[in-house]
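Enquirer: Keeping their order, the protein sequence lines are chains A and B. Counting from 148, one number per residue, gives the positions in the first sequence under our numbering. Counting from 621, one number per residue, gives the positions in the second sequence under our numbering.
Keep in mind the hints are simulated off the structure, nothing from the lab. Heads up, none of these hints are tricks.
Simulated DEER-style distance windows between Cβ atoms: (1) Gly-675/B - Arg-210/A: 41 to 51 Å; (2) Gln-175/A - Gly-660/B: 42 to 52 Å; (3) Lys-149/A - Gly-626/B: 34 to 44 Å; (4) Gly-749/B - Gln-175/A: 17 to 27 Å; (5) Asp-172/A - Lys-669/B: 46 to 56 Å; (6) Met-735/B - Pro-164/A: 43 to 53 Å; (7) Gly-180/A - Met-735/B: 40 to 50 Å.
Straight-line Cα separation of at most 25 Å, SDA-like style, residue types lysine to any residue; simulated pairs: (8) Lys-740/B - Ser-720/B; (9) Lys-151/A - Asp-700/B; (10) Lys-165/A - Thr-713/B; (11) Lys-174/A - Val-630/B; (12) Lys-151/A - Gln-696/B; (13) Lys-149/A - Asp-700/B; (14) Lys-149/A - Val-709/B; (15) Lys-627/B - Ala-232/A; (16) Lys-151/A - Ile-708/B; (17) Lys-149/A - Leu-692/B; (18) Lys-149/A - Thr-707/B; (19) Lys-623/B - Met-231/A; (20) Lys-149/A - Ser-691/B; (21) Lys-165/A - Val-706/B; (22) Lys-740/B - Gln-216/A.
Note that the coordinates shown come from a computational prediction; the quantities given were computed from them, not determined experimentally. Using N, Cα and C, we set each Cβ at its ideal position, and we do this for glycine too.
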Amino acid sequence: MKAKLIRDMDVSPGVTPKEWITVVDGKQICAAGLVFEHPQAYYQVLQGNAEPVDDECRARVSRVRTPMQLVEARLASDDLVASMATEPEEDEEVSEEDDE
Amino acid sequence: MVKRIGKGTVFKSTISAMLTVVAQVNSISQSGFASQTYEGTSLDSAVGKEKPLTGYSEPGTFDIEMFFDPSLAGHQFYTDSITVPVTIVHEITYVDSSTSTFTSSGMDFGHTVAMDDGLKATVSFTVTGLPTLPT
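Given only the sequences and the hints, what does the whole structure look like? Please build it.
Expert: This is the structure:
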């Protein structure tokens, strides 16, 4: 079944097919817009990371989700990505004096 | 020397051949990663028992605990991966962007309902091969 990514995804080393990979700023990604075929493609749709491209994927997704639930999944995924993009707190420096 | 925080650590599993963030994880732990020895003591050994190396290492397990949402695709993927067993590549991205990666073969899944807590699940991944650690 086929789906189309709506956000960039990370490459799984040794698993992601080479033809799915794009290099951006030296980092390998599966770029938004990629149409990919995989037996588990519907998971990315359910997860809010992709949209169905063929009837097989649409049918698999519609068996378990309503259109509203898919919108909710996409919004939840947006929130998750936004929270990961937040700058991490600065590491707490430990001086040598504290070690003693 | 720095003390790194756990907040912001991300757990990802390979779903449809892409590393996919699994939401609502609240702890990640590794155990059992050890170089393997055998009992090499014999009747004519000295006092100290001998534990020679076998030359193998036990990859151990990675365990996660998460607030379980049965309607979340990432969580469904885990339960589906027990009914249809598969090996899965996982990655942990720490807050300093360093990573650990491992491949799981087996998986144990359980969930808990408790009066004073949210619905939680624990997943224990049996690692096959050696994990890659950030050290």
